[in-house]
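Undergrad: So you can see what is in the structure, the chains are spelled out below.
Protein chains: 2
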Amino acid sequence: MDFYNQTGKMAIGSRLRQLTDKITADAADIYKLYQIDLQPKWFPVFYALAQGNLTITGIARQIGHSHPSVSKIVAEMSDKGLVTEKKDKEDGRKNMVSLSRKGKVLAEKIKDQYSDVTNAVEAISKEAQHDLWKAIEEWEFLLNRKSLLQYVAEQKKQRESKKVRIIPFKPIYAEAFKKLNEEWISAYFKMEDSDYKALDHPKEYILNKGGAILVALYEDEPVGVCALIKMDDPEYDYELAKMAVSPKVQGKSIGWLLGQAIIEKAKSLGAKKLYLESNTMLKPAINLYYKLGFKKVAGRATPYERCNIQMELEL
Amino acid sequence: MDFYNQTGKMAIGSRLRQLTDKITADAADIYKLYQIDLQPKWFPVFYALAQGNLTITGIARQIGHSHPSVSKIVAEMSDKGLVTEKKDKEDGRKNMVSLSRKGKVLAEKIKDQYSDVTNAVEAISKEAQHDLWKAIEEWEFLLNRKSLLQYVAEQKKQRESKKVRIIPFKPIYAEAFKKLNEEWISAYFKMEDSDYKALDHPKEYILNKGGAILVALYEDEPVGVCALIKMDDPEYDYELAKMAVSPKVQGKSIGWLLGQAIIEKAKSLGAKKLYLESNTMLKPAINLYYKLGFKKVAGRATPYERCNIQMELEL
DNA sequence: TATATTTGCGTAATTAGTTACGTAAAAAAC
DNA sequence: GTTTTTTACGTAACTAATTACGCAAATATA
Numbered sequence: 188m189d190f191y192n193q194t195g196k197m198a199i200g201s202r203l204r205q206l207t208d209k210i211t212a213d214a215a216d217i218y219k220l221y222q223i224d225l226q227p228k229w230f231p232v233f234y235a236l237a238q239g240n241l242t243i244t245g246i247a248r249q250i251g252h253s254h255p256s257v258s259k260i261v262a263e264m265s266d267k268g269l270v271t272e273k274k275d276k277e278d279g280r281k282n283m284v285s286l287s288r289k290g291k292v293l294a295e296k297i298k299d300q301y302s303d304v305t306n307a308v309e310a311i312s313k314e315a316q317h318d319l320w321k322a323i324e325e326w327e328f329l330l331n332r333k334s335l336l337q338y339v340a341e342q343k344k345q346r347e348s349k350k351v352r353i354i355p356f357k358p359i360y361a362e363a364f365k366k367l368n369e370e371w372i373s374a375y376f377k378m379e380d381s382d383y384k385a386l387d388h389p390k391e392y393i394l395n396k397g398g399a400i401l402v403a404l405y406e407d408e409p410v411g412v413c414a415l416i417k418m419d420d421p422e423y424d425y426e427l428a429k430m431a432v433s434p435k436v437q438g439k440s441i442g443w444l445l446g447q448a449i450i451e452k453a454k455s456l457g458a459k460k461l462y463l464e465s466n467t468m469l470k471p472a473i474n475l476y477y478k479l480g481f482k483k484v485a486g487r488a489t490p491y492e493r494c495n496i497q498m499e500l501e502l
Numbered sequence: 188m189d190f191y192n193q194t195g196k197m198a199i200g201s202r203l204r205q206l207t208d209k210i211t212a213d214a215a216d217i218y219k220l221y222q223i224d225l226q227p228k229w230f231p232v233f234y235a236l237a238q239g240n241l242t243i244t245g246i247a248r249q250i251g252h253s254h255p256s257v258s259k260i261v262a263e264m265s266d267k268g269l270v271t272e273k274k275d276k277e278d279g280r281k282n283m284v285s286l287s288r289k290g291k292v293l294a295e296k297i298k299d300q301y302s303d304v305t306n307a308v309e310a311i312s313k314e315a316q317h318d319l320w321k322a323i324e325e326w327e328f329l330l331n332r333k334s335l336l337q338y339v340a341e342q343k344k345q346r347e348s349k350k351v352r353i354i355p356f357k358p359i360y361a362e363a364f365k366k367l368n369e370e371w372i373s374a375y376f377k378m379e380d381s382d383y384k385a386l387d388h389p390k391e392y393i394l395n396k397g398g399a400i401l402v403a404l405y406e407d408e409p410v411g412v413c414a415l416i417k418m419d420d421p422e423y424d425y426e427l428a429k430m431a432v433s434p435k436v437q438g439k440s441i442g443w444l445l446g447q448a449i450i451e452k453a454k455s456l457g458a459k460k461l462y463l464e465s466n467t468m469l470k471p472a473i474n475l476y477y478k479l480g481f482k483k484v485a486g487r488a489t490p491y492e493r494c495n496i497q498m499e500l501e502l
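If you read the protein sequences in the order shown, they are chains A and B. Residue 188 is where the first sequence starts when you use our numbering, and the numbers rise one by one after that. Residue 188 is where the second sequence starts when you use our numbering, and the numbers rise one by one after that.
Since the hints were made in silico from the structure, they are not lab data. Errors might be hidden in some of the hints.
Note that the list lumps identical chains together, so a pair holds whenever it fits in one copy or between two copies.
As the list claims (entries may be wrong) - Cross-link-like lysine-lysine pairs, in silico, DSSO-like; alpha carbons within 30 Å at most:
#1 K365 / K384
#2 K321 / K228
#3 K333 / K196
#4 K384 / K366
#5 K350 / K390
Nothing here was measured: the structure is a model prediction, and the numbers come from that model.
The whole structure should be built from the sequences, with the hints applied where relevant.
TA: As structure tokens, then:
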């Protein structure tokens, strides 16, 4: 079965963890080889302190651990006499940590181990074609900018948007056309007379007057609709109206696909300028209109009470 | 201070762990995004079982975990009804684990997540110059062949052998010449008369007769010695004898360096063939002689009781 | 100046794995 | 055919980190 033929990358976390384990498993033995009485997990703290005294949170920030982790490690190192703790005089909350004399001696003694381990890692790198060190650096950078979750979410959206088909209105979608619009209108406002007219009789009030309606299908179910209504106006050819997308299919860019399709439709009908009315309460919708290229314009008469913003798009 | 200027690589374990954490931190949210009721840590087990039924240790081997870890995960998955456990009929110790119907449904449902995550990882890889995936693969391979500890030990040896100097005998090393030899001889055997002669009077018994002595210094302390004794023999020019290295400096290739130097010395004296006597009890020594190129030969008369092996080297 | 918020840090609980160890079944050795 | 060794697997304890939480000191705000 081809079910798992691509599953490899899915386990990248597990795989990384195992490589980490393999590398750190040897760490204790390496310290033993040099007769350095230091636990491997202490090393980042030790390293930070060798460069200067720091507070608990200061160390944590530098080495990228949580502060409780540092707190514990410092306590352990203190037990072994490697570090000394001292309350900061100026800020009573701070715990200044520094290497003790014994710690400094160890820092001197560990030099050889440093250079040998560094050379060993570099020797391994030389045997390898691909630079693990630089690859880690890059991944750290990339994942700092955008998390793996975000990358995955993008892929999901992209894949799902491929399942969306935009098609012209057919009578079997009359019910969906009404329901999808009614859903959001009555959630935010109240259905008005002019709503019922257009939603109950799309053929008469929209199509026969030279308008158009598009339907978005997701897995062959109607989940979004949008209409172009012919306007009797010297400036505008059509009004973009009755756009509705089911909340069940959010995050699949259906509004965006529908909007783009209706603009294409308007162009093919020879339109030069589109108009729409909305309400600033509907932030995602307004956002979408901006993304589609619409711009805010000054007010004009409207049959809808709920409208407080008007927009236009030059094609 | 240049103390830590090369310390970066030393923390490769820590750094890898942190990248792992960053990647796995998102894992739970990714499962949530797809409404897959699976803990990320279950994934490798789930994956293995989707390919066929397995025993606990079978799963552990496949996914590279310890068996107690698998045992625990299977118990958790069993609680959730994702897998079923069943004693093997033929081998009562074995616990055959398989995906339940619910598990199989989930395996079907998770497909989309697989492909999205795979694509996300590949998208990140495309943004990076260095291929983390391949780099991990290479490191796994290289570390399987030779552990990090071994790599480090090699570096240590190499560095330390640079601290070794091989110099000609001087009277101030007379005491060391005797002590180093006495140390190992009396540990394994008993000092004999001929030992005392050569060790107490190296000038008379070795040097003045046309032989040579080399001393290995480690940090300017004499830690190893070796002699070439002129032989009155038609076949052999010199006997390699009185080789001793302090056990305190083991693992620094001092025997090897001393052996090579004494062979060079023999060549420069115009020797064509070297001879030596030893005892098979002294395995590291015999090994060293083989490495230096010596070959076993049939017996000849010897003043030493302790000898049971004789070797020669053609120069 | 009194109060609210932020910061530093310690303790406790949790997590995802490990090693250590014990038991029982199967296989090998005598 | 009995004894010893190996194998399968579960439980318990440990490890190296985390998050959650609470207290006290410092800082900001009204």
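Undergrad: Run through the hints listed earlier and report the numbers of any the structure violates, in increasing order.
TA: none
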